[in-house]
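Enquirer: Now for the letters of each chain:
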Amino acid sequence: MKITDDSPPVLTALDRPNSYIGRSVPRPNLQRLTQGRGQYVSDVTLPRMAHVAYVRSPHAHARIVKIATDAAKKAPGVIAVVTGAELAKVMTPWVGVLTHLKGLKSAPQSPIAIERACWQGEAVCAVVARTRAEAEDACELVEVRYEELSAVTDPEIALDGKTPVIHASLGDNLCFERKLDVGAVDKAFAESDAVVETTFRFGRHTGVTNEPRAVVADWNEGDQRMTVYHGTQAPHMMQNLFAKHLGIAEHQVRVLTKDVGGSFGIKVHTYADEMATVALSKLLKRPVKFVADRIESFVTDIHARDHRIKAKIGVSRDGTITAFEIDDLTGIGPYSVYPRTSGIEANQIVNLTGGPYKCPNYRAQTRVVFQNKNVMCQYRAVGHPIAVAVTEGLVELAAAKIGMDPLELRRRNLIADDAYPTQSASGLKFELLSHHEALAHLDSMMNYAGLRAEQKKLREKGIYRGIGFASFIEVTNPSAAFYGVGGARITSMDGATVKLDAQGTIIVHTGVTEQGQGAEAVVAQCVASSFGVPMDKVRVITGDTDNTPYGGGTWASRAAGIGGEAAWQAGKALRANVVAVAASILQAKPDDLDIRSGVVVDKANGTERLPLDELARVAYFRPDTLPPGFQAELMVTRHYVPRAWPFAFTNGIQGCYLEVDTDTGFVKLLKHWCVEDCGTIINPQLVDEQIRGGVVQGIGAALFEHCLYDERGQLLNGNMADYLVPMAAEMPDIECGHVVSPTADSELGAKGAGEAGTAGAPGSVMNAINDALRPLGAQPLTDMPFTPDKILAALGKV
Amino acid sequence: MSDHALDISLTVNGDRVQERVDARTTLVDFLREGLALTGSHVGCEHGVCGACTVRVNGEIVRGCLMLAVQCDGARVETIEGMSDSGEVADLQAAFEQRNALQCGYCTPGMVAAAQDLLKRGGVPSRDEIREHLSGNYCRCTGYHAIVDAVEAVAQARAGARK
Numbered sequence: 001m002k003i004t005d006d007s008p009p010v011l012t013a014l015d016r017p018n019s020y021i022g023r024s025v026p027r028p029n030l031q032r033l034t035q036g037r038g039q040y041v042s043d044v045t046l047p048r049m050a051h052v053a054y055v056r057s058p059h060a061h062a063r064i065v066k067i068a069t070d071a072a073k074k075a076p077g078v079i080a081v082v083t084g085a086e087l088a089k090v091m092t093p094w095v096g097v098l099t100h101l102k103g104l105k106s107a108p109q110s111p112i113a114i115e116r117a118c119w120q121g122e123a124v125c126a127v128v129a130r131t132r133a134e135a136e137d138a139c140e141l142v143e144v145r146y147e148e149l150s151a152v153t154d155p156e157i158a159l160d161g162k163t164p165v166i167h168a169s170l171g172d173n174l175c176f177e178r179k180l181d182v183g184a185v186d187k188a189f190a191e192s193d194a195v196v197e198t199t200f201r202f203g204r205h206t207g208v209t210n211e212p213r214a215v216v217a218d219w220n221e222g223d224q225r226m227t228v229y230h231g232t233q234a235p236h237m238m239q240n241l242f243a244k245h246l247g248i249a250e251h252q253v254r255v256l257t258k259d260v261g262g263s264f265g266i267k268v269h270t271y272a273d274e275m276a277t278v279a280l281s282k283l284l285k286r287p288v289k290f291v292a293d294r295i296e297s298f299v300t301d302i303h304a305r306d307h308r309i310k311a312k313i314g315v316s317r318d319g320t321i322t323a324f325e326i327d328d329l330t331g332i333g334p335y336s337v338y339p340r341t342s343g344i345e346a347n348q349i350v351n352l353t354g355g356p357y358k359c360p361n362y363r364a365q366t367r368v369v370f371q372n373k374n375v376m377c378q379y380r381a382v383g384h385p386i387a388v389a390v391t392e393g394l395v396e397l398a399a400a401k402i403g404m405d406p407l408e409l410r411r412r413n414l415i416a417d418d419a420y421p422t423q424s425a426s427g428l429k430f431e432l433l434s435h436h437e438a439l440a441h442l443d444s445m446m447n448y449a450g451l452r453a454e455q456k457k458l459r460e461k462g463i464y465r466g467i468g469f470a471s472f473i474e475v476t477n478p479s480a481a482f483y484g485v486g487g488a489r490i491t492s493m494d495g496a497t498v499k500l501d502a503q504g505t506i507i508v509h510t511g512v513t514e515q516g517q518g519a520e521a522v523v524a525q526c527v528a529s530s531f532g533v534p535m536d537k538v539r540v541i542t543g544d545t546d547n548t549p550y551g552g553g554t555w556a557s558r559a560a561g562i563g564g565e566a567a568w569q570a571g572k573a574l575r576a577n578v579v580a581v582a583a584s585i586l587q588a589k590p591d592d593l594d595i596r597s598g599v600v601v602d603k604a605n606g607t608e609r610l611p612l613d614e615l616a617r618v619a620y621f622r623p624d625t626l627p628p629g630f631q632a633e634l635m636v637t638r639h640y641v642p643r644a645w646p647f648a649f650t651n652g653i654q655g656c657y658l659e660v661d662t663d664t665g666f667v668k669l670l671k672h673w674c675v676e677d678c679g680t681i682i683n684p685q686l687v688d689e690q691i692r693g694g695v696v697q698g699i700g701a702a703l704f705e706h707c708l709y710d711e712r713g714q715l716l717n718g719n720m721a722d723y724l725v726p727m728a729a730e731m732p733d734i735e736c737g738h739v740v741s742p743t744a745d746s747e748l749g750a751k752g753a754g755e756a757g758t759a760g761a762p763g764s765v766m767n768a769i770n771d772a773l774r775p776l777g778a779q780p781l782t783d784m785p786f787t788p789d790k791i792l793a794a795l796g797k798v
Numbered sequence: 001m002s003d004h005a006l007d008i009s010l011t012v013n014g015d016r017v018q019e020r021v022d023a024r025t026t027l028v029d030f031l032r033e034g035l036a037l038t039g040s041h042v043g044c045e046h047g048v049c050g051a052c053t054v055r056v057n058g059e060i061v062r063g064c065l066m067l068a069v070q071c072d073g074a075r076v077e078t079i080e081g082m083s084d085s086g087e088v089a090d091l092q093a094a095f096e097q098r099n100a101l102q103c104g105y106c107t108p109g110m111v112a113a114a115q116d117l118l119k120r121g122g123v124p125s126r127d128e129i130r131e132h133l134s135g136n137y138c139r140c141t142g143y144h145a146i147v148d149a150v151e152a153v154a155q156a157r158a159g160a161r162k
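For the record, the sequence lines run as chains R and H. Residue numbering for the first sequence follows the working numbering, beginning at 1 and increasing consecutively. Residue numbering for the second sequence follows the working numbering, beginning at 1 and increasing consecutively.
Just so you know, the hints here were simulated from the structure itself, not pulled from any lab data. Virtual Cβ for every residue (Gly too), placed ideally from N, Cα, C. Among the hints, a few may not be true.
[Claimed, not checked] Which residues of chain R face chain H? A few of them, derived with a C-beta cut under 8 Å, are: (1) 209; (2) 211; (3) 247.
Given the sequences, and given the hints that come with them, work out the whole structure.
Expert: Here is the structure:
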């Protein structure tokens with residue numbers, strides 16, 4: 001393998017001379033990180049900064065009878081010991097509901113538990129000290145008397161009437177439910193030649209960001225301002241929430257987000273301990289730092305994917321899918337997470353199941369229940385890995401049942417590439433997808449026929465290899481339909497401010513944030529291309545609510561498609577302004593000029609007329625030489641929000657090739673393929689790396705990752721030795737391919753690519769395992785993660 | 001409790017360091033908090049993730065599994081020192097070119113582990129690279145790009161030796 005150099009630009013409608021759109025240019029900000037000179041929040045220290053550690057409930061559900069803090073207060077280095085009741089004077093509680101998820105309910109949650117702890121790990125008392133070590137020492141001296149309450153852990157019995165209700169004020173343990181019935185489902189099943197019915201289970205797992213959650217809050221009593229250094233994906237959202245619950249104005253809060261050591265949706269939520277840290281800073285009038293340690297991460301970072309889905313597919317002899325039906329149940333912990341709620345994952349499963357196919361008959365039900373475990377909420381590819389695994393698992397089981405090749409069955413049912421615009425049975429609106437072209441591309445890229453021949457030959461030698469697929473759709477570039485319409489102050493727009501500095505360099509402030517996806521590179525590529533400068537003349541600034549335009553941040557695969565478009569438009573607008581300055585200096589017509597590679601040129605023949613540094617010198621220091629009445633405007637802002645479609649759906653298909661050791665139950669991944677269509681590709685290398693990283697996260701879900709709880713709500717494997725994550729030795733090489741169907745909603749045409757890998761990988765791995773074991777008569781495996789013991793059980797060996 | 005503090009003397013990135021440290025302070029906490037060398041990161045705090053990988057007397061170790069007091073008299077090298085000496089400049093350039101890092105949190109440890117493999121000489125296979133890096137957790141990349149970058153540097157160094 002060699003590292004290929006940047007590819008030359010492909011000519012498209014977006015092409016300007018020296019365009020960077022479609023080129024694999026390296027990210028401009030990486031040396032800082034390769035040299036260990038980044039600044040993560042866990043690296044931040046401030047004068048007078050104190051450290052907080054939290055005393056956390058050892059019980060899944062308990063009444064807090066008494067908290068004795070005297071001994072802790074006398075411990076070396078301790079500055080303050082603060083209970084939930086004391087902190088309530090500084091910060092108000094919150095409730096995680098959205099009005100467009102009708103009926104969704106939750107209870108008020110406080111920064112530190114008051115009277116009752118509702119999951120193992122919930123903070124019940126804060127200890128602030130000079131060092132983290134001293135704070136932890138003193139935590140051991142805080143005496144909390146608990147009265148243990150019965151814990152509701154099993155979602156199956158959460159609603160049965162005999163199970164205690166966690167929040168009496170809510171009446172029951174139901175957070176949210178949704179039912180959907182489209183077409184004639186019963187009739188379709190009755191007329192099917194074959195019906196497959198099974199139950200899928202998905203292990204609760206979590207994000208395991210390499211850098212844990214971290215926050216440094218600094219209330220300046222003199223300025224009456226709160227500065228929060230925060231490893232977040234959504235600085236403006238957090239600015240609003242900190243202000244709201246401290247009872248101050250948004251302009252009194254500045255959120256600064258520099259380097260973030262991984263996010264994946266983990267760092268886009270409100271965490272009680274982070275809110276408490278901010279409140280403690282206000283209370284103590286000094287900077288306070290909180291960095292979760294690994295066990296705290298496991299018991300408080302949002303979990304996800306804990307679903308049980310009874311599912312059914314009907315199919316006719318010719319392979320036509322006649323109907324899909326799902327019944328989903330999920331336990332989301334004791335609170336719906338604020339402000340995005342814990343109903344979105346289940347809602348997405350209802351929306352997305354069956355989505356790639358033209359089948360018109362679909363029935364779905366989901367119930368989201370409260371329980372005394374850590375909270376669940378949106379994690380990379382929200383709902384997609386589950387909906388895709390259920391859909392694609394059913395499709396391959398149906399194919400096996402009628403004896404049809406699984407790719408052939410898909411060919412007969414995927415929505416035709418010329419059928420757009422169209423919509424799914426659940427009502428999702430699709431502008432333009434490319435399922436068939438993607439499938440054909442995958443078929444040839446992986447040499448499917450060759451692999452089948454190899455598989456057959458090896459089976460004769462007792463080697464069991466499997467090939468599995470997963471077609472998928474992915475929600476990207478969300479409009480206000482996602483959160484805004486539900487009343488949350490989470491903006492779907494994003495902005496870019498672009499200025500020409502006094503040396504002719506372009507400075508960009510953007511509302512999207514960088515957690516490693518390459519958002520800064522994409523924004524720089526867009527501005528460099530639309531304005532007309534080399535990449536090294538563009539500097540991008542992110543993550544500062546005092547200075548960047550208002551924006552949503554980086555989540556839901558929105559940074560490139562939405563932030564990139566805003567940057568593209570801002571660059572264009574600044575070019576027009578700068579050309580106007582050049583025209584007045586050169587006494588030329590603006591329409592005859594352009595900016596290329598950092599020089600003002602004649603549009604017709606590219607003759608160089610004026611370098612940008614000279615233009616900037618005149619505009620900034622000798623404006624007196626410009627014509628009377630002419631004012632150079634060298635800074636512009638543009639915003640963009642998707643309007644024509646609620647979401648820019650993308651699509652694709654993944655293929656997995658693996659080998660199962662039928663004696664040990666171990667799975668060896670041999671190769672993985674993904675063909676996806678994210679519209680215009682701004683940076684092919686960054687898209688591929690989003691896919692690859694996402695695929696491996698999905699493989700983790702399929703084979704390793706599981707937050708194991710006992711029946712009393714105790715997490716049994718809250719460390720990285722017992723909770724397994726994908727490591728280099730077990731992962732395959734991953735080949736990526738692309739189809740390009742741009743969205744017409746923006747000039748760039750870019751859709752998102754951040755979650756496609758995670759969406760499709762678990763289903764394709766599951767299907768490959770079942771494909772490998774089918775000749776051995778194994779029961780199909782549908783209970784993720786597929787650990788060796790489950791595989792041996794399916795083979796009847798244990 | 002921190003009843004025991006000891007004086008230690010060591011070199012860190014070639015600089016002589018004399019400090020009094022709590023006996024319980026880990027090497028990585030000492031580097032980060034005592035010396036403000038924040039390039040070494042803390043991930044799992046029990047030797048699994050490799051984010052705190054540094055070199056002690058030429059061997060890579062987990063900074064979270066070694067105590068600072070154990071480094072009395074030792075030669076400690078962190079990513080800051082390896083960067084300034086130019087020793088890993090080609091690896092860093094390959095990681096940047098190949099986008100073998102996303103959030104970058106694992107990268108200092110990953111580069112140290114890769115250098116440990118490459119300084120043995122030869123061109124390791126992709127499987128050998130994966131095996132050697134199997135104690136360094138990366139949540140972002142899926143490892144493929146990292147293996148590409150390390151492989152490319154191994155080939156380039158082997159070519160330069162010929």
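Enquirer: None of the hints should be skipped; say for each whether it holds.
Expert: Against the structure, the hints:
{"no.": "1", "hint": "209", "in the structure": "6 Å, holds"}
{"no.": "2", "hint": "211", "in the structure": "5 Å, holds"}
{"no.": "3", "hint": "247", "in the structure": "34 Å, violated"}
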